[in-house]
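Trainee: Residues per chain, in single letters:
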Amino acid sequence: MRSTRATTTALVLALGLGASASARADGELQVRGVYYKERATRVQQPMLDGRFDVGDHGTLQGHLLVDAISSASAVASGGAAFDERRVEGGLGYSHVFGKLTLGATARYSTEPDYRSTFATLRGQAELFQRNLTLGLTVGAGHDQVSNAGASDLVERVRGTLDTGLVSASVSQIFGENTVGAITYDLILLDGFQQNPYRRVPFDNGAFNEVHPDSRVRQAAALSLRRFVPRTETTVIATYRFYRDDWGIVAHTPELRFAQAAGDNVVFGGGYRFHVQTAADFWRERYNGLDPVSQPLRTADGKLADITTHTMTAKLAVMGATFGWEDRWADVRMEFILEYYLQDDRYFGNAGIAHAAVTIPFTY
Amino acid sequence: MRRLLLSIAVIASLSGCAVVRPHERQNLARREMTADRDPGEARFRQHQTGSREGADGGTGEPGGGCGCN
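Chains A and B, in that order, are what the protein sequence lines are.
Note that the numbering used here has the first sequence beginning at 1, numbered continuously upward.
Note that the numbering used here has the second sequence beginning at 1, numbered continuously upward.
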């Protein structure tokens, strides 16, 4: 925990020092805490996000989070309860060159049995009096995985996973109150993709999970946002289509609304539906099958045919509501409650709660 | 893929007939109309769904980054 505190302090100082070169600029800091609970797993995730203007055209962003995971899940851990901590940090910088914005991000995540590094480059062009925005992101990542949490009696497993990302987006203003966007993501994975702890039960014993080494994932998402001035309501509709070469096809529509109640309070809600087919090599049961004839085998619930329903309620309150003045009037407090209903046989339903405070500042 | 490129082309072609000038963008600048989810909320959501569903992506952001598989 001490190292986490030190890292947080270092990040804040680094971001602050990096930003102090400019005379007067704006920024904001957000502290968020998330509590996640499903049948066999609890996650507590404190996180810190910072955004700082650098000069007239630059923006520096950073985040730091800790995932504290407690699980008694036979699915995730291969039968043993575990407590694990993951630390993730990220930095990004973007610069505006007239109608063109260029940026880069880097992210590093570490936990006892997994390390991940990912970097992206992004370009964005605003055209037709900034009514049309085109974006392109390319990224690459390298992960290292092991079964370091297994007992000493278990054979050591190590693997690497390389990831490539290409994302193209188009955003178009359709009027004074309407904006739409399309995003297409192509994700290429190559390397170790199974869980190093999970075992797949056959009649003659349990065998290690084996997934294909490569995976090509494609997702296209549409979104439409409309503001209704008369009621001060914002309606957001999204739809994502997903398919990969493991045989999973998924449809994910979502509808959200945000309702202003005066100048300083916004409440909202949403519903998300997700349905997917199973991976080609996923089986409900492997009983009666010969493991030799099943070189690809999985006990991963994510690869099953799944339907989920997610309900969200959200409340955001500005500091001015409480009579706070000056910069404190713009402090934003946010509370989110979410319930995640999944029909699968593995994880069960989940409840999620967020609380966040965003503090704007000038320096 | 072909349909997606066609959709992008259609949206791009619409840009000439729907010009909204800067002084008309008061409502478009509202927080809910730009990004109703803060980065932290979006990041957690992608992490959560990515560890429970077989589908990912469509956000332009890299998912994964953890041993949640």
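Just so you know, not all the hints are guaranteed correct.
Claimed, not checked - Just the calculated beta-carbon pair ranges, DEER-fashion: (1) 26(B) x 239(A): 21 to 29 Å; (2) 99(A) x 31(B): 39 to 47 Å; (3) 26(B) x 295(A): 57 to 65 Å; (4) 26(B) x 363(A): 47 to 55 Å; (5) 255(A) x 31(B): 15 to 23 Å; (6) 19(B) x 337(A): 37 to 45 Å.
Since the hints were derived computationally from the structure, they do not count as laboratory data.
Computed from a predicted structure; not experimentally measured.
From the three backbone atoms N, C-alpha and C, an ideal C-beta is built for every residue, glycine too.
Trainee: Hint by hint, note whether the structure agrees.
Mentor: Here's how the hints hold up against the structure:
| no. | hint | verdict |
| --- | --- | --- |
| 1 | 26(B) x 239(A): 21 to 29 Å | holds, 28 Å |
| 2 | 99(A) x 31(B): 39 to 47 Å | violated, 24 Å |
| 3 | 26(B) x 295(A): 57 to 65 Å | holds, 60 Å |
| 4 | 26(B) x 363(A): 47 to 55 Å | violated, 27 Å |
| 5 | 255(A) x 31(B): 15 to 23 Å | holds, 18 Å |
| 6 | 19(B) x 337(A): 37 to 45 Å | holds, 40 Å |
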